[in-house]
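Protein chains in written order, with this note's numbering: chain A, 1 to 314; chain B, 1 to 329.
Please note: incorrect hints may appear among the correct ones.
[To be verified] Covered stretches of chain A, going by a simulated chain B footprint (3 or more residues, C-beta under 8 angstroms):
#	stretch
1	138-149
2	239-253
3	264-273
4	280-287
[What the hints assert, rightly or not] One side only, chain B facing chain A, incomplete, derived with CB under 7 angstroms:
#	residue
5	A17
6	F157
7	F161
8	V262
9	S263
Hint data in this document are derived by calculation from the structure and do not stem from the laboratory.
Since the model is a prediction, treat every value here as computed from it, not as a measurement.
Every residue gets a Cβ at the ideal spot worked out from N, C-alpha and C, and that includes glycine.
Here's the letter readout for the chains.
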Amino acid sequence: MARQYEPIASAPSTPAKSPTHPPSRLKSLSRIMVSSRKSTVGVIIFLFFVLMALFAPLVAPYSPTSTAFSANLSPSFAHLFGTTAQGQDIFSQFVYGARTTLLVGLGAGLLATVLSLLIGITAGYRGGWIDTILNFLSNIFLVLPGLALLILIESYVHQSSPAFNGLIIGLTGWAWGARVFRSQTMTLAQRDFITAAKLSGASNLRIMVSEIMPNMTSIIASNIMYACLAAILAESGLAFLGLENVNSVSWGTMLYWASQGDAMLTGAWWWFVPPGLGIALVGLSLVLMNYAMDQLTNPRLRELSRRQRRMPHA
Amino acid sequence: MRYLMQKVVFFLVSLWAAMTLNFVLPRMLPGNPALAMFAKFQGQLNPEALRALKLEFGFSNQPVWLQYLNYLKNMLTLHWGLSYTYFPTPVLTVIEHSLPWTLGLVGITTLIAVVLGTILGIYIAWRRNGILDTTLPVSTMFLQAMPYFWTGTLLLFLFAFRYHWFPLGHAYSPNVMPGWNTPFVMSVLRHSILPAITIFLGSASGWIIGMRNNMINTLGEDYVVFAEAKGVSNWRLMTRYAARNAILPQITSFALAMGLIVSGSILTEEVFSYPGIGFQLTNAVLSQDLPLIQSAFLIIAVAVLLVNILVDFLYIRLDPRVGTRGGVK
Numbered sequence: 001m002a003r004q005y006e007p008i009a010s011a012p013s014t015p016a017k018s019p020t021h022p023p024s025r026l027k028s029l030s031r032i033m034v035s036s037r038k039s040t041v042g043v044i045i046f047l048f049f050v051l052m053a054l055f056a057p058l059v060a061p062y063s064p065t066s067t068a069f070s071a072n073l074s075p076s077f078a079h080l081f082g083t084t085a086q087g088q089d090i091f092s093q094f095v096y097g098a099r100t101t102l103l104v105g106l107g108a109g110l111l112a113t114v115l116s117l118l119i120g121i122t123a124g125y126r127g128g129w130i131d132t133i134l135n136f137l138s139n140i141f142l143v144l145p146g147l148a149l150l151i152l153i154e155s156y157v158h159q160s161s162p163a164f165n166g167l168i169i170g171l172t173g174w175a176w177g178a179r180v181f182r183s184q185t186m187t188l189a190q191r192d193f194i195t196a197a198k199l200s201g202a203s204n205l206r207i208m209v210s211e212i213m214p215n216m217t218s219i220i221a222s223n224i225m226y227a228c229l230a231a232i233l234a235e236s237g238l239a240f241l242g243l244e245n246v247n248s249v250s251w252g253t254m255l256y257w258a259s260q261g262d263a264m265l266t267g268a269w270w271w272f273v274p275p276g277l278g279i280a281l282v283g284l285s286l287v288l289m290n291y292a293m294d295q296l297t298n299p300r301l302r303e304l305s306r307r308q309r310r311m312p313h314a
Numbered sequence: 001m002r003y004l005m006q007k008v009v010f011f012l013v014s015l016w017a018a019m020t021l022n023f024v025l026p027r028m029l030p031g032n033p034a035l036a037m038f039a040k041f042q043g044q045l046n047p048e049a050l051r052a053l054k055l056e057f058g059f060s061n062q063p064v065w066l067q068y069l070n071y072l073k074n075m076l077t078l079h080w081g082l083s084y085t086y087f088p089t090p091v092l093t094v095i096e097h098s099l100p101w102t103l104g105l106v107g108i109t110t111l112i113a114v115v116l117g118t119i120l121g122i123y124i125a126w127r128r129n130g131i132l133d134t135t136l137p138v139s140t141m142f143l144q145a146m147p148y149f150w151t152g153t154l155l156l157f158l159f160a161f162r163y164h165w166f167p168l169g170h171a172y173s174p175n176v177m178p179g180w181n182t183p184f185v186m187s188v189l190r191h192s193i194l195p196a197i198t199i200f201l202g203s204a205s206g207w208i209i210g211m212r213n214n215m216i217n218t219l220g221e222d223y224v225v226f227a228e229a230k231g232v233s234n235w236r237l238m239t240r241y242a243a244r245n246a247i248l249p250q251i252t253s254f255a256l257a258m259g260l261i262v263s264g265s266i267l268t269e270e271v272f273s274y275p276g277i278g279f280q281l282t283n284a285v286l287s288q289d290l291p292l293i294q295s296a297f298l299i300i301a302v303a304v305l306l307v308n309i310l311v312d313f314l315y316i317r318l319d320p321r322v323g324t325r326g327g328v329k
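Kindly produce the complete structure, drawing on both the sequences and the hints.
As structure tokens, this is what we get:
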């Protein structure tokens, strides 16, 4: 939930050599991702959970909603993570919960990023009164406390579906990205290649989409990761508070039921540890993958690290 | 001066936006959920009281703009109605009783997190690539990716249920008399430690990493290099030359982070049944207490806005360039 901080600069053990002619975008992206150990670990964790979510029906031994088992079992071979107070298999819930949580989190993160791109680039490129209004709007959304706003909306929509929660998280979570994209666009808009594009008769929309956007790919990617992290935390927070349909299976609702079912009083740590750990690991993987993005976004920090090494202060 | 004016205007407009959201939201959604909530309390309140409540929240047969003006007036003059859950306690009293808990818990914890995080950030940037610098950012980032409510749950389980080192929740033990006496103060402290650790763990990472990055930036500046060449002592170089300038961006982050810290504390209060404003907000939502929902949201928004404007004012004192730049884009 810390999109406001500048991404950390990693000190790459093997500095990423930027090829003079990258073979293809996808190839260079995958090269960047494995360029540092941290981001490689991030990619592995992330893929692990994505695959688990994709193949949930194959991975999960039982239906996540089936209450056919004895209640409050501790972990065993039949029930890897034990069972809930309602007699549901926690491991199956965990696997299916990854689906909901990842889908909602990634969806909301992408939605927020698309909105921030629309608003940020428009504001930065058009300037004038459009910029004044859009910037003011993003500043307001930036200072209004996010979760409180979401809770306020939830209070009028009862037992909303995870998809609805993703929607409102995306619709309210674009402000920070918009601010970053706006300032980036403002610096880009004064460069020569934009002037050249203008002179060649390219339309404003074309310049924004095919000239400005490709030049901030790494910032966009980094923003997607932080937006997804924030969305996952927000969604599970809402679900934990019981503001999401409590019959849906997500990591947040699992934690809600664990606290409702007095998992703590009965000492059933296997009930509330897995879903929280899942959230934390997915979050960590997003943060780690962002390391790779920093090598592109923040060359200044990279450059300094070399100078620093030549001339250590301590 | 122009900068100050801009900030004040922004504060007022944001305040207006928060109040308007409160007014518009229940009317925007299909079936007017607010009226449904009122209907739910039909039997419990006498008709007169219910009518008065509706009027206070601007629900009447008047045209919408008149309802809106009435509503704004009531909000500004602190006529926030009666809480359903704590009927017939005025919402204002409920807020008055819960706000100090949140302010104390979140305020003190944040202060500690900022100071400690900043110091750690300075240190690990100075010892770049040292042991702490390679381990601390990653481990704190893992803590940051952990949802507040889960961190809280784990702490509660380990240190309250398993080992009984700390109480299970609430702000103070029922056996002590609230007031300025030692047992009460000790009880409050004991009850606040676990929630405070939760908030600290969730927010410290940002301060450490933010400060580290700022420090690395300033350490590379020419004036620092020159000072080192000149033979300024290491301590002086680290504190007076680099850290002093690197702290400024931290203050901007502080204003922005406030919203996140408040969000985290809402969840933390829920886990520990800590009777702060976030706890009231969640409970109000679950028990459909419309007046309390609206007021709790408003007071949280106002608190965050106030911190923001205070930081802006402080910034002028710390960075004289800001005030004289004229407009800030």
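To test your reading of the hints: which numbers does this structure violate? As far as the earlier hints go, not one is violated by this structure.
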